[in-house]
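Place chain B on chain A using the hints.
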Amino acid sequence: MPSLYDQLGGAAALDQAVDIFYRKVLSDDRVARFFDGVDMERQAAKQKAFLTMVLGGPNHYTGKDMREGHKHLVAHGLDDSHVDAVIQLLGETLRELGADEAAIAQVAGIANSVRGDVLGRPPARAS
Amino acid sequence: MPTVRCRGAAIDLAEGETVLAGLLRAGVPVSHSCRAGACQACLARATAGTPPAASQVGVKETLRARGYFLACQARPMEDLTVAVDDDPALAVGARIVSVEPLGADVLLVRVRPDRPFEARAGQFVVLRRPDGLARSYSLARVPDERDDTIELHVRVIPGGRMSGWLAAPGRAGDPVELRGPAGDCFYVPGRESQPLLLAGTGTGLAPLVGIVADALRAGHSGPIRLVHGARTPTGHYLVHQLEGWARPSPNFEYLRCALHGDPAQNLALGSLDEVVIARWPRLAGHRVFLCGDPELVARLRKRVFLAGASLAEIHADPFVPSAP
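Here the protein sequences line up with chains A and B, keeping their order. Just so it is clear: in the first sequence, position 73 is 89 by the numbering used here, and no numbers are missing. Just so it is clear: in the second sequence, position 127 is 1522 by the numbering used here, and no numbers are missing.
In isolation and in its complexed conformation, chain A is listed as follows (with noise of 0.2 Å):
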């Protein structure tokens, strides 16, 4: 099963994906002030890898990366709210884009997946 990020047309639609992504993030009140004021070609260079990384394209983020790369962001007030609210941008990007419910969902656990790191949790211990 090819995954998401084959489906939309792998790289080459990464960046209208961007384009729809970022446009509503800076868009909306409960997230724009962690993106704005960042220059934009660096903010769109993440949001590339980001969106890679959960569609299941080719990616290199460890959970490490995460953490270090939210941290100042944490500091300023990152929440669970926040996480939520890129999640649910990132759902209608993808139906905008196309992809099927199933598909999104799919997304939306991987995305989940790095809440932990995102907002500077304690990792899970390992049983």
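These are computed hints drawn from the structure, not numbers from a lab. Predicted, not measured: the structure shown is a model, and the values here were computed from it. Where hints are given, some of them may not hold.
Estimated spans, in silico, between C-beta atoms of each pair [to be verified]:
hint : chain 1 : residue 1 : chain 2 : residue 2 : range
1    : B       : R1420     : A       : E57       : 24 to 34 Å
2    : B       : R1402     : A       : D31       : 37 to 47 Å
3    : A       : A28       : B       : S1666     : 28 to 38 Å
4    : A       : E84       : B       : R1510     : 42 to 52 Å
5    : A       : A27       : B       : R1586     : 16 to 26 Å
6    : B       : T1629     : A       : Q104      : 47 to 57 Å
7    : B       : S1666     : A       : A27       : 29 to 39 Å
8    : B       : P1553     : A       : N128      : 49 to 59 Å
9    : A       : G25       : B       : S1616     : 22 to 32 Å
10   : A       : N128      : B       : A1613     : 42 to 52 Å
11   : A       : N128      : B       : G1422     : 53 to 63 Å
12   : B       : M1396     : A       : E57       : 28 to 38 Å
13   : B       : D1579     : A       : A27       : 17 to 27 Å
14   : A       : E84       : B       : R1698     : 25 to 35 Å
Heads up, simulated SDA-like pairs for lysine to any residue below, C-alpha to C-alpha not over 20 Å straight-line [said to hold, decoys possible]:
hint : chain 1 : residue 1 : chain 2 : residue 2
15   : B       : K1455     : A       : R58
16   : A       : K40       : B       : P1676
17   : B       : K1697     : A       : R49
Beta carbons are placed, not taken as given, at the ideal position from N, Cα and C, and that holds for glycine.
Only chain B this time, still in chain A's reference frame:
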């Protein structure tokens, strides 16, 4: 901490110190201007060691592959040996042909490169004086079959070292050096019906005028919308020339914008970003060029994006002033 070697000096960089700062501290003269990674005056080459990726952002692909990097952005992780300024591969000798007033405090500077110089109107070059003083300017015109000079628009800054030098009488004939070009604000033919939006402040008009000329010459059929912003109408220049281009043209539209002034034909009052978005609130499918004041360029970039222009189609060239 890593060591930087240059011209026989070995400099131990302090924590977080850039290559540029370290070299200047050690008394090695290195051309520089904005210290923000924008103007490329401090372009240097690592002859040993690998420069950090962050210091190669904006550097042309072909140069990156050969170890070129921006010294003001380089906080190396390893020892580097660096060649600066005296790299003949980087520079083209040239002569100032003429310096004429274009507007209240803007000069038209024509420079003739000693040998063929490949560049597109809208890109920028580093103009370097024989004593090493360097500043970045956008190309309003590049050499062609009829005219082998480049044209720059230079704002005369009070106390400005380069602009003051250029404004002084007797500059014609003086030798200078050109480095570059760099930047991705230029016209690329191929989608001739695409709407183009070009917005800039002050001498941001230079690259935009060059791009408009290229588009018109290429027979661009889609709308070409040029908006020039200034604080007051005295800041506008080339007005007659641009009105002259617009009159016979079915698709070229020229609008001036000022914060203060008496309303007049083709003059909108307000800040550039307000005026642009009010006039064209839907920009999906547009190719956009934004040049000039960094704050306005950043504001416009975001607003134009939110209005529907895609990131890949927005070309921004903020004119970062030189840092003392």
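Structure-based check of each hint:
1. B:R1420 <-> A:E57: 24 to 34 Å: 30 Å, holds
2. B:R1402 <-> A:D31: 37 to 47 Å: 43 Å, holds
3. A:A28 <-> B:S1666: 28 to 38 Å: At roughly 37 Å between Cβ atoms, S1666 (chain B) and A28 (chain A) fall inside 28 to 38 Å, so the hint holds.
4. A:E84 <-> B:R1510: 42 to 52 Å: 48 Å, holds
5. A:A27 <-> B:R1586: 16 to 26 Å: For R1586 (chain B) against A27 (chain A), whose Cβ atoms are near 21 Å apart, the range 16 to 26 Å holds.
6. B:T1629 <-> A:Q104: 47 to 57 Å: Given range 47 to 57 Å: holds, Cβ gap about 50 Å.
7. B:S1666 <-> A:A27: 29 to 39 Å: Holds, since S1666 (chain B) and A27 (chain A) (Cβ atoms, about 38 Å apart) stay within the stated range.
8. B:P1553 <-> A:N128: 49 to 59 Å: 57 Å, holds
9. A:G25 <-> B:S1616: 22 to 32 Å: 30 Å, holds
10. A:N128 <-> B:A1613: 42 to 52 Å: 50 Å, holds
11. A:N128 <-> B:G1422: 53 to 63 Å: 56 Å, holds
12. B:M1396 <-> A:E57: 28 to 38 Å: Because 29 Å falls inside the window, the suggested range holds.
13. B:D1579 <-> A:A27: 17 to 27 Å: Holds: the Cβ-Cβ distance is about 20 Å, inside 17 to 27 Å.
14. A:E84 <-> B:R1698: 25 to 35 Å: With a Cβ separation near 31 Å, E84 (chain A) and R1698 (chain B) satisfy 25 to 35 Å, so the hint holds.
15. B:K1455 <-> A:R58: With Cα atoms ~17 Å apart, K1455 (chain B) and R58 (chain A) stay inside 20 Å; holds.
16. A:K40 <-> B:P1676: 17 Å, holds
17. B:K1697 <-> A:R49: 13 Å, holds
Consistency note: the structure conflicts with none of the earlier hints.
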